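Following the hints, complete the assembly by docking chain B onto the known chain A.
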Amino acid sequence: MTAIKINGKKPRRGLSLLVVIFAGLFGCGGTHVGGGLLDKGHAGAMEKTRSGVEIWTQQCGRCHNLRSPDEFSYAQWEVAVNHMRVRATLTAADTREILDFFKAAAPGIAAVPKQ
Amino acid sequence: MKASQAGIILCAATIAVFGISTVVARDHTAPKPADTLTHQENDSLQKQVNEEKSAQTETFESLDFLNKRIDEAQTRVRQDKAGENRVLIAGDASFAYTVSKGSPSSMSAGVAPLVLWRLGSGLLFEGAFDIGVSNDQSGSGVTGFDLTLANLTYLLNDYVTLGAGLFVVPLGVHHNHFDPPWISPLTDDPLPFGDNGIAPGSGIGLFASGAVPLGKAAFNYFVYITNGPRLVTDDSTAAGTLNFNNFDDNNDGKTFGGRLGARPLPELEIGYSLQYGLVAPPGFGHVGALLQGADMEYRRDVTVLRGQADFRSELVFSNVDRATYGPSASTPFAPLTFNNNRGGGYVQAAYRPWMVNDAFVRNLQMSFRYDWLYAPLEAPGGDRENRWSIGLNYWLRPTIVVKSSYEFDHATVNPNSYAVVFLVGIGL
Numbered sequence: 040m041t042a043i044k045i046n047g048k049k050p051r052r053g054l055s056l057l058v059v060i061f062a063g064l065f066g067c068g069g070t071h072v073g074g075g076l077l078d079k080g081h082a083g084a085m086e087k088t089r090s091g092v093e094i095w096t097q098q099c100g101r102c103h104n105l106r107s108p109d110e111f112s113y114a115q116w117e118v119a120v121n122h123m124r125v126r127a128t129l130t131a132a133d134t135r136e137i138l139d140f141f142k143a144a145a146p147g148i149a150a151v152p153k154q
Numbered sequence: 006m007k008a009s010q011a012g013i014i015l016c017a018a019t020i021a022v023f024g025i026s027t028v029v030a031r032d033h034t035a036p037k038p039a040d041t042l043t044h045q046e047n048d049s050l051q052k053q054v055n056e057e058k059s060a061q062t063e064t065f066e067s068l069d070f071l072n073k074r075i076d077e078a079q080t081r082v083r084q085d086k087a088g089e090n091r092v093l094i095a096g097d098a099s100f101a102y103t104v105s106k107g108s109p110s111s112m113s114a115g116v117a118p119l120v121l122w123r124l125g126s127g128l129l130f131e132g133a134f135d136i137g138v139s140n141d142q143s144g145s146g147v148t149g150f151d152l153t154l155a156n157l158t159y160l161l162n163d164y165v166t167l168g169a170g171l172f173v174v175p176l177g178v179h180h181n182h183f184d185p186p187w188i189s190p191l192t193d194d195p196l197p198f199g200d201n202g203i204a205p206g207s208g209i210g211l212f213a214s215g216a217v218p219l220g221k222a223a224f225n226y227f228v229y230i231t232n233g234p235r236l237v238t239d240d241s242t243a244a245g246t247l248n249f250n251n252f253d254d255n256n257d258g259k260t261f262g263g264r265l266g267a268r269p270l271p272e273l274e275i276g277y278s279l280q281y282g283l284v285a286p287p288g289f290g291h292v293g294a295l296l297q298g299a300d301m302e303y304r305r306d307v308t309v310l311r312g313q314a315d316f317r318s319e320l321v322f323s324n325v326d327r328a329t330y331g332p333s334a335s336t337p338f339a340p341l342t343f344n345n346n347r348g349g350g351y352v353q354a355a356y357r358p359w360m361v362n363d364a365f366v367r368n369l370q371m372s373f374r375y376d377w378l379y380a381p382l383e384a385p386g387g388d389r390e391n392r393w394s395i396g397l398n399y400w401l402r403p404t405i406v407v408k409s410s411y412e413f414d415h416a417t418v419n420p421n422s423y424a425v426v427f428l429v430g431i432g433l
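Sequence order for the protein chains is A and B.
Per our numbering, the first sequence runs over residues 40 to 154.
Per our numbering, the second sequence runs over residues 6 to 433.
Source of the hints: derived by calculation from the structure; they are not laboratory data.
Keep in mind the model is a prediction, meaning the values are calculated, not measured.
Heads up, a few of these hints could be off.
[Claimed, not checked] Straight line, CA to CA, 20 Å or less: simulated EDC-like cross-link-like pairs of lysine to aspartate or glutamate:
1) A:LYS142 with B:GLU77
2) B:LYS106 with B:ASP388
3) A:LYS142 with B:ASP76
4) B:LYS221 with A:GLU110
[To be verified] FRET-style restraints, in silico, Cβ to Cβ:
5) A:ARG135 with B:LEU68: 28 to 38 Å
6) A:ARG135 with B:HIS415: 44 to 54 Å
7) A:ALA132 with B:SER59: 21 to 31 Å
8) A:ALA132 with B:VAL54: 48 to 58 Å
9) B:PHE224 with A:ARG135: 15 to 25 Å
10) A:ALA132 with B:ASP388: 46 to 56 Å
Ideal Cβ placement from N, Cα and C applies to all residues, glycine included.
The shape of chain A in the complex, shown without the other chains:
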């Protein structure tokens, strides 16, 4: 069996193990959904605002578990998300995408068909 060499030296076993661990942790990650909170009831809203869902789970889920979209009305989400835009220095574009998702998912706003 031919040994793998880097710069003429065999890599250290500890270094290899570290690479494998980091590859496993950071390279094989699944979709970030922030604690698996999303249920099938929000699937429609998710389809409509795919990028909003991703941004919501990534930006909000980076610090804390995600609250259910049902927890607040859309008007309340507007207050909360704009507050977090300041507190967590979110970009304005991300804030709008997140609010678009809540507009589709939060209670209080009916999905009105276009005429």
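Here is chain B on its own, set in the frame of chain A:
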């Protein structure tokens, strides 16, 4: 047969045939019964029924549409009513039971309401309070009520937000992001951010902040001017420390600071922060304090681990100009002069296997933290403190967690100690 007989028979036969034919013909032309339709009538009626069914379906769809429009209009009316829904009360609450070496075990509780008010387009108010109970020196029960946040912000445009008031100072990110008990995976603050820490919590002043996207990455900034901390000069047990509750400024020198952050990946944020200001009271001399912080947060789901991994680390440095802390009328003590450089930090990891099928296991969370705080040994209260903490949490809901932790504290001057803490953290 005679010819006359044959004629009679023929006549009779002819009459019979014509008679039958007439009857048959009468049967064909007889009026139809009232409940019988022709094919044409049947088709016509069927067409009418189909048209009416179609019209009925359209009516139902229209009604459904109208109902939705009415619901939406009612919702908008409710939302636009003054005093409703523009205010959101959030915040956190906690209940804890602490067993620590050298102290009686004790239970405690507190609540920190956060009031968010959207005053208009782009105008937001944020207010927060810490409400807790304790005993005063005489043993009487007292309720503490501290105003921790009260600021007004204006979203000027996509890249600039302006604010004024009492706000969270972003020296590092622990107080800004991870402070609430339902967010932090452990039961208390890391040492540099604790009660005797070296990082400020909030300050009164002005700030500007914003974020700029760059592809999938984003950069953010936060700059501020505040009253700044107050240098303790006349307390023999705390001389040289910074008191961050400097709400009535003790000098004319203001403190400037800021934080620059980068999110190269959506799951990762790194940042550097600093602040500088004059901190001594009038007559004490020119003493400046430079605080610096570096932070890293990474949190994502890891399929191979069937759960969520969470890494956080921060470093904080405090450099206060060399000064001599002398006696005062209230607290006489021998003059002390020392280099006042302090440092601290923490490394923290948490894991929650939320992807496993077992409902109990996926709500568990394990956490680990190593934190430290170094203060000059020649300073009052100076020590080199290192602490190891392990935690096991159970999430009842995404915003309600039951936490437990064991902490072992090793110090150079003070005796080693340990603590076991149980805490319920609630996000309101």
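> If you check each hint against the structure, which ones fail?
Replying inline: Of the numbered hints given earlier, those the structure breaks are 4, 7, listed in rising order.
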